[in-house]
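Chemist: Take a look at the letters that make up each chain.
There are 2 protein chains.
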Amino acid sequence: MAKNRRSRLAPQEYIDGILAHNPFILSRAITLIESQLESDNQLATQIIDKLMPHTGKSIRVGITGVPGVGKSTFIETFGLYLTALEKQNKKVAVLAIDPSSQRSGGSILGDKTRMEKLSNHTNAYIRPSPARSSLGGVGQKTRETMLLCEAAGFDIILIETVGVGQSETIVKGMVDFFLLLMLAGAGDELQGIKRGIMEMADMLVITKADGENKNAATRAKAQYKHALHLFPPNDANWIVPVEICSALENKGIERIWKNITNFANQTSLNGFFKNNRSQQNKEWLYQTLEESLKRDFYQTDFIKKELLDTERQVANGNRNAAEVAKELLTKYYQITSKKTR
Amino acid sequence: MAKNRRSRLAPQEYIDGILAHNPFILSRAITLIESQLESDNQLATQIIDKLMPHTGKSIRVGITGVPGVGKSTFIETFGLYLTALEKQNKKVAVLAIDPSSQRSGGSILGDKTRMEKLSNHTNAYIRPSPARSSLGGVGQKTRETMLLCEAAGFDIILIETVGVGQSETIVKGMVDFFLLLMLAGAGDELQGIKRGIMEMADMLVITKADGENKNAATRAKAQYKHALHLFPPNDANWIVPVEICSALENKGIERIWKNITNFANQTSLNGFFKNNRSQQNKEWLYQTLEESLKRDFYQTDFIKKELLDTERQVANGNRNAAEVAKELLTKYYQITSKKTR
Numbered sequence: 001m002a003k004n005r006r007s008r009l010a011p012q013e014y015i016d017g018i019l020a021h022n023p024f025i026l027s028r029a030i031t032l033i034e035s036q037l038e039s040d041n042q043l044a045t046q047i048i049d050k051l052m053p054h055t056g057k058s059i060r061v062g063i064t065g066v067p068g069v070g071k072s073t074f075i076e077t078f079g080l081y082l083t084a085l086e087k088q089n090k091k092v093a094v095l096a097i098d099p100s101s102q103r104s105g106g107s108i109l110g111d112k113t114r115m116e117k118l119s120n121h122t123n124a125y126i127r128p129s130p131a132r133s134s135l136g137g138v139g140q141k142t143r144e145t146m147l148l149c150e151a152a153g154f155d156i157i158l159i160e161t162v163g164v165g166q167s168e169t170i171v172k173g174m175v176d177f178f179l180l181l182m183l184a185g186a187g188d189e190l191q192g193i194k195r196g197i198m199e200m201a202d203m204l205v206i207t208k209a210d211g212e213n214k215n216a217a218t219r220a221k222a223q224y225k226h227a228l229h230l231f232p233p234n235d236a237n238w239i240v241p242v243e244i245c246s247a248l249e250n251k252g253i254e255r256i257w258k259n260i261t262n263f264a265n266q267t268s269l270n271g272f273f274k275n276n277r278s279q280q281n282k283e284w285l286y287q288t289l290e291e292s293l294k295r296d297f298y299q300t301d302f303i304k305k306e307l308l309d310t311e312r313q314v315a316n317g318n319r320n321a322a323e324v325a326k327e328l329l330t331k332y333y334q335i336t337s338k339k340t341r
Numbered sequence: 001m002a003k004n005r006r007s008r009l010a011p012q013e014y015i016d017g018i019l020a021h022n023p024f025i026l027s028r029a030i031t032l033i034e035s036q037l038e039s040d041n042q043l044a045t046q047i048i049d050k051l052m053p054h055t056g057k058s059i060r061v062g063i064t065g066v067p068g069v070g071k072s073t074f075i076e077t078f079g080l081y082l083t084a085l086e087k088q089n090k091k092v093a094v095l096a097i098d099p100s101s102q103r104s105g106g107s108i109l110g111d112k113t114r115m116e117k118l119s120n121h122t123n124a125y126i127r128p129s130p131a132r133s134s135l136g137g138v139g140q141k142t143r144e145t146m147l148l149c150e151a152a153g154f155d156i157i158l159i160e161t162v163g164v165g166q167s168e169t170i171v172k173g174m175v176d177f178f179l180l181l182m183l184a185g186a187g188d189e190l191q192g193i194k195r196g197i198m199e200m201a202d203m204l205v206i207t208k209a210d211g212e213n214k215n216a217a218t219r220a221k222a223q224y225k226h227a228l229h230l231f232p233p234n235d236a237n238w239i240v241p242v243e244i245c246s247a248l249e250n251k252g253i254e255r256i257w258k259n260i261t262n263f264a265n266q267t268s269l270n271g272f273f274k275n276n277r278s279q280q281n282k283e284w285l286y287q288t289l290e291e292s293l294k295r296d297f298y299q300t301d302f303i304k305k306e307l308l309d310t311e312r313q314v315a316n317g318n319r320n321a322a323e324v325a326k327e328l329l330t331k332y333y334q335i336t337s338k339k340t341r
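Taken in sequence, the protein lines are chains A and B.
Residue numbering for the first sequence is 1 to 341, as defined by the numbering used here.
Residue numbering for the second sequence is 1 to 341, as defined by the numbering used here.
No wet-lab data here; the hints were simulated from the structure.
Keep in mind the model is a prediction, meaning the values are calculated, not measured.
Where hints are given, some of them may not hold.
Same chains, same label: a pair holds when it works inside one copy or across any pair of copies.
Computed list of lysine to any residue pairs in SDA-like fashion (alpha-carbon distance at most 25 Å, straight line) [said to hold, decoys possible]: (1) LYS214 x ASP235; (2) LYS274 x GLN42; (3) LYS294 x MET198; (4) LYS294 x GLN334; (5) LYS57 x GLN334; (6) LYS50 x ASN318; (7) LYS294 x LYS305; (8) LYS326 x GLY137.
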């Protein structure tokens, strides 16, 4: 990827462009977030800070599911449904958390042809996840991208994840509603589901409920419903629905959206919606602070050099980690003191 | 608790006393670890650093299970078995991770009368967990206590946890072998088991397999064995055994110890035992460093004061967490610079 192919705009130009819902300016601002240049990232962060009063008005929906569950097809169909919704012309942005993109050579969404109709729709915006970044970094960037999309007038943000590592937890930490797509299997439906995912979900949707698969999907629905009974009620006091759908036959899509709006209405009334966002924002602040503290420490040349040796001694059991840590930190604060002067 | 009831010894006196296996000096050194005085903790840390070459020779066993499973009775019976083992006079230390002690008004092990015989045994040492500390802090202190016990010649360290919060993960991070005690229930054995605990266990032991309960325990054993089949093999390449025992009738205890020694032998041969300890030590170093960095930051007066306001602004969605974090950190490094001069 070439860096800085275009020159930067002035901060106010980004702000004005985004508030005018200009998709080209939005894209250029997102490029700042994803840039490898620290100065670009800082500019983006400042722009977002100014735009904050114009964010938060969308419904943020996380979508996950194992490979093969049909995420792209589902999102295309669901997205097209939303853009045509009640003739209100809902604007839909699709973002992705996909730390695997640098390995597989292409983001799940990099190939926009997989959502061809949606990506060509005026009211839709599809943005692949940035490559070459840590999972935490991708989360941070996706979160900032979401805020820019909200300031640019998007009503619904769909955040997709492939479920590598802790990516579901990261998505769960930035959305209002978390949707788990599942396949109807052959009997023992609960096997192979990643631990902890079911508890995160606000809705289960069994995909590909068409043709020969339809009966299996209906049976799976009953099984999942039963399994969900075993969990205690979630914090939102929301009974997690199980739905079946066919993106191919465009069936069940409306019910899915109905559940999401029901959730938003119910949790707005009982206060959960707002509290959850506040909590997410706070956690974001503390994560950002702590990640920065760690990065500053581990990237100090002296610490990098010292750690090679001391890590080995601690690993071998020759040194007490607490004592080594104290020594390293004392030296670190001495160095920091010199640097900042 | 009165502080500094006794005067401190010189560092070398602690070291010599512990290496001479003097239980009174050991207790006084552990008191330094648990002290509320920073200077006591620092002295303990230095003493442990000097003793490190004499640590690591025990087998470290974590023991967990829900309240009512009979942990104290099991540990008493198991401990007494070990101290009498093959006339080798094995020395057994029992430690506990119990962050709830300050709430319940008494540690699970605080009441030593619950392990009366074991606590009176010459070759046994029972130490309640320190009260008034965070879970991470308790973990750190338990870990250092374990090292002192090893330097004082204990062959087997049993670390008990009641399973509050992340306490099992903390114990798993400092032991060689993790034992999960379970009760035979009424049919659906898998319900009510804390998520993730089964995967941590190196052995499952069904307790109270006596009297009318014996058949239920045998049935439960079969069910748990089946459930364990669903998991992929663990990192140690160890097939997790399921055993039944009765601490009351002193049955099944020998098999439990046999499994632990088999595990130690097998994993010593395949290298897992040593690698696991290295890995645990490294993680301990990084945890200690990162906890210190965070503590230094959050305990700075300026940061405490600023956070009150900025946290609210971020929670409300009025500020971008990334920008706020940058501002706070810049000021923090300026202050740190002034302080250390």
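Chemist: Next, verify each hint and record whether it holds.
Modeler: Results for each hint:
Within a single copy, LYS214 and ASP235 get their C-alpha atoms no closer than 32 Å, and across copies no closer than 39 Å, so neither meets the 25 Å cut-off. In the homo-oligomer, the alpha carbons of LYS274 and GLN42 never lie at most 25 Å apart, since the shortest distance is 28 Å inside one protomer and 45 Å across protomers. In this assembly of identical chains, the alpha carbons of LYS294 and MET198 never lie at most 25 Å apart, being 32 Å within a copy and 32 Å across copies at closest. Taking the shortest Cα distances, LYS294 and GLN334 sit within 25 Å of each other both inside one copy (17 Å) and across copies (17 Å).
Taking the shortest Cα distances, LYS57 and GLN334 never come within 25 Å of each other, neither inside one copy (46 Å) nor across copies (37 Å). For a Cα distance limit of 25 Å, the shortest separation of LYS50 from ASN318 across copies, 9 Å, qualifies, whereas the shortest one inside one copy, 52 Å, does not. In the homo-oligomer, the alpha carbons of LYS294 and LYS305 lie at most 25 Å apart both inside one protomer (16 Å) and across protomers (22 Å), since each shortest distance falls under that limit. Taking identical chains as interchangeable, the C-alpha atoms of LYS326 and GLY137 lie at most 25 Å apart only when they sit on different chains, with a minimum of 15 Å there against 28 Å within one chain.
Of the numbered hints stated above, those contradicted by the structure are hints 1, 2, 3, 5, listed in ascending order.
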